[in-house]
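Enquirer: Here the protein sequences come in this chain order: A and B.
For the first sequence, my numbering begins at 1 and goes up steadily by one.
For the second sequence, my numbering begins at 1 and goes up steadily by one.
There is no bait here: all hints are sound.
For each label pair, taking beta carbons as the anchor points, the in silico distance ranges come out as:
| no. | chain 1 | residue 1 | chain 2 | residue 2 | range |
| --- | --- | --- | --- | --- | --- |
| 1 | B | 143 | A | 86 | 45 to 53 Å |
| 2 | B | 182 | A | 77 | 20 to 28 Å |
| 3 | A | 213 | B | 107 | 17 to 25 Å |
| 4 | B | 288 | A | 344 | 48 to 56 Å |
| 5 | A | 354 | B | 164 | 56 to 64 Å |
| 6 | A | 191 | B | 182 | 55 to 63 Å |
| 7 | A | 294 | B | 231 | 50 to 58 Å |
| 8 | A | 47 | B | 182 | 18 to 26 Å |
| 9 | A | 58 | B | 288 | 56 to 64 Å |
Simulated crosslink set (BS3-like; lysine-lysine; CA at most 27 Å straight-line):
| no. | chain 1 | residue 1 | chain 2 | residue 2 |
| --- | --- | --- | --- | --- |
| 10 | A | 154 | B | 51 |
| 11 | B | 33 | A | 154 |
| 12 | B | 185 | A | 75 |
| 13 | A | 75 | B | 51 |
| 14 | A | 196 | A | 290 |
Non-contacting residues of chain A with respect to chain B, defined by C-beta distances greater than 12 Å in every case (computed):
| no. | residue |
| --- | --- |
| 15 | 53 |
| 16 | 268 |
| 17 | 270 |
| 18 | 348 |
Calculated directly from the structure, the hints in this document are not laboratory data.
Predicted model only: the values in this text are computed from it and were never measured.
Each residue gets a CB set at the ideal place from its N, CA and C atoms; glycine is no exception.
Spelled out, the chains give:
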Amino acid sequence: MSEKIYKPGSYPDLPPPPGTVGLYGWIRQNLFSSISNSSLTIISVVLLYYLIDGIIGWFFLNAVFDAESKIACRKIDDGACWAVITRRVGQFVYGFYPEAERWRIDITFLTMFLAFAPLLYPDIPKRKWLLYFSAFYPFFAFVLIMGGYFGLQKIEYSLFGGFMLTVILGVCGIVCSLPLGILLALGRQSNLTVVKTLSVCFIEFMRGVPLITLLFVASSMLNYFLPPGTNFSILVRVIIMFTFFSAAYIAEVIRGGIQAIPKGQYEAADALGMNYWQKTRFITLPQALKISIPGIVNTFIGLYKDTTLVVVIGLLDPLGIGRAALADTKWNGLSTETYLFVALFFFVSCFAMSRYSLWLENKLNTDKK
Amino acid sequence: MKTKMLLAGVTAGVMFAGSVLASTLDDVRARGKLNCIINTGLAGFAAPDDKGNWTGFDVDFCRAVAAATLGDADKVNYTTATGKTRFTKLAAGEGEILSRNTTWTFSRDVDLSQTFIGVNYYDGQGFMVPKSLGVKSAKGLDGASVCIQTGTTTELNLAEYFKGNNIKYNPVPIETNAEAQELYKAGRCDVYTTDASGLYATMMSFDNPSDHMVLPEIVSKEPLGPVVRHGDDQWADIVSWVLRAMMAAEEKGITSKNVKELAAKDNKDKEINRLLGKDPLQGLSKLGLSADWAVNVISQVGNYQESFEKHLFPLTIKRGMNALYRDGGLHYIPPIK
Numbered sequence: 001m002s003e004k005i006y007k008p009g010s011y012p013d014l015p016p017p018p019g020t021v022g023l024y025g026w027i028r029q030n031l032f033s034s035i036s037n038s039s040l041t042i043i044s045v046v047l048l049y050y051l052i053d054g055i056i057g058w059f060f061l062n063a064v065f066d067a068e069s070k071i072a073c074r075k076i077d078d079g080a081c082w083a084v085i086t087r088r089v090g091q092f093v094y095g096f097y098p099e100a101e102r103w104r105i106d107i108t109f110l111t112m113f114l115a116f117a118p119l120l121y122p123d124i125p126k127r128k129w130l131l132y133f134s135a136f137y138p139f140f141a142f143v144l145i146m147g148g149y150f151g152l153q154k155i156e157y158s159l160f161g162g163f164m165l166t167v168i169l170g171v172c173g174i175v176c177s178l179p180l181g182i183l184l185a186l187g188r189q190s191n192l193t194v195v196k197t198l199s200v201c202f203i204e205f206m207r208g209v210p211l212i213t214l215l216f217v218a219s220s221m222l223n224y225f226l227p228p229g230t231n232f233s234i235l236v237r238v239i240i241m242f243t244f245f246s247a248a249y250i251a252e253v254i255r256g257g258i259q260a261i262p263k264g265q266y267e268a269a270d271a272l273g274m275n276y277w278q279k280t281r282f283i284t285l286p287q288a289l290k291i292s293i294p295g296i297v298n299t300f301i302g303l304y305k306d307t308t309l310v311v312v313i314g315l316l317d318p319l320g321i322g323r324a325a326l327a328d329t330k331w332n333g334l335s336t337e338t339y340l341f342v343a344l345f346f347f348v349s350c351f352a353m354s355r356y357s358l359w360l361e362n363k364l365n366t367d368k369k
Numbered sequence: 001m002k003t004k005m006l007l008a009g010v011t012a013g014v015m016f017a018g019s020v021l022a023s024t025l026d027d028v029r030a031r032g033k034l035n036c037i038i039n040t041g042l043a044g045f046a047a048p049d050d051k052g053n054w055t056g057f058d059v060d061f062c063r064a065v066a067a068a069t070l071g072d073a074d075k076v077n078y079t080t081a082t083g084k085t086r087f088t089k090l091a092a093g094e095g096e097i098l099s100r101n102t103t104w105t106f107s108r109d110v111d112l113s114q115t116f117i118g119v120n121y122y123d124g125q126g127f128m129v130p131k132s133l134g135v136k137s138a139k140g141l142d143g144a145s146v147c148i149q150t151g152t153t154t155e156l157n158l159a160e161y162f163k164g165n166n167i168k169y170n171p172v173p174i175e176t177n178a179e180a181q182e183l184y185k186a187g188r189c190d191v192y193t194t195d196a197s198g199l200y201a202t203m204m205s206f207d208n209p210s211d212h213m214v215l216p217e218i219v220s221k222e223p224l225g226p227v228v229r230h231g232d233d234q235w236a237d238i239v240s241w242v243l244r245a246m247m248a249a250e251e252k253g254i255t256s257k258n259v260k261e262l263a264a265k266d267n268k269d270k271e272i273n274r275l276l277g278k279d280p281l282q283g284l285s286k287l288g289l290s291a292d293w294a295v296n297v298i299s300q301v302g303n304y305q306e307s308f309e310k311h312l313f314p315l316t317i318k319r320g321m322n323a324l325y326r327d328g329g330l331h332y333i334p335p336i337k
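Construct the complete structure from the given sequences, taking the supplied hints into account.
Expert: Right, dumping it as structure tokens:
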């Protein structure tokens, strides 16, 4: 008798039978558990091989990264012709901003992170000093980008374009629409009839009209109302429209947040003798905003992507720059490369925003779990 | 009633404010730059090069006007406009010229209060087919499927033309030009129809442009030309005579290469002398231009032929209707005297 006899409960754990654990086991269980599954796996692998091989080949291995023109590209290899991007990367980033002045955009863009850091990350060291900078930043950025002061060359708005234009429109729209949206949300909940009516009218009107209509109003209609010769930059007009449009959406998102706060919270605040502004500042808004973060960021991402609509009123955002590049006889026909590149830019920006919102949600999460 | 009066008052005030402003030429000179409204990107007509400088047939015309009025073809601010915003941009004063392949029609000229100053490119709706189809004329397109943008004049032109010639066809309705290109490339339609210049640009975007051809039939009239605002005849005259000067230069054989030489000597053809400022040109001072205006235009931008060959020949566009009258085309230039 070779088997050892154990006391009840002391039998040692045996290793699992071979072929059920580890990589081998996983593969057997998930990919080759039956004949039909096995054949499906093999077919998928073959298909994937061809697909990935084709994609990598087109994107990288057979791609041309620098050439004179599309024809020169095709002579070198038959993959993607990224030369249209590499030769025009300056235009995609800065539009037609003069090359010698582009450092101004670089500085504005880099300092933007410094200005946003204390607003986005509450734990940052020396936050108080950075906050002063944040308050000063809009003027700084305006002077640096537009020029015309302190010996800086004045730059016409018609030279703006590319990613720079998207970032200017997106950031200005986002930064201005949040406070406006909060005010509108509070106004809509207000007991004062006039304030409430005005807020409701504004929100419903802005939400009831397509953004593209507002952009046409900004580009065409306003010209008829303003006296001739008024130089009211179309960029400012468009930013105002973006701000109003997204503020209406933000207001509704935040209203949802306000209404989600249990009634007991208001009653407790009233019982403590708080006035309206104290109640709003310490009870309503902190909770409402926290609840609304996903919705707010959602609206922001939408706004950011909607900036591409300016192409219909003739402003050259990255999409417009891409189309203009395709109109050049040298690059005519490389639409896939151009649109993929623009898509990548938007994906990176929007994905970053969405990640930040997740981080913020987790950080502010005080729910009892 | 009251509101109406108020509106009328405001309108009158606005118009008055407009009329007391300095002339367009003075505005341009004071600014030192010409504001020109161009296409957001159309192959051959307006597109930025890799350095970000706008080039193209329409852009050249902006440069020519800048050369005539400011003496420097590079002193132009370009403002891009789409088909929908171009007229309001011009009306709002965002540019002094609209040089954006704009078709001259009655309503645009009269109803929108614009002044079309001439035609710099005669376009028209054409048909593109793969050579493998073996069709040599639009009359042979019986039973073909045709990619056509919905809601455009091209749709009506197509229907009229095919009905008039008793040809059957299957329309494949599409929304945008880009979509049409894809469908055509994929072989979903045998024929693609739009303005001939657009067809050539589309053809050049294919990997093998020589596999396709544009049929000789042109079924609509699309005279494209620069536009200025109503109300400043001096400016309209300047812009229209810049265009004519470019064409006259081609007629007289004046090119950017030989213009300086011809301007320096006394030519047998007195018209050349008058154009290039050697002999006085009666009334030039009324336009507010200096005697060397045409020399500036031709030396810095070139004559009509040079501009055409530089920008439109790469698209394999032929002169055709756009040749001078003496070469069998439609450009007939009034005498410079």
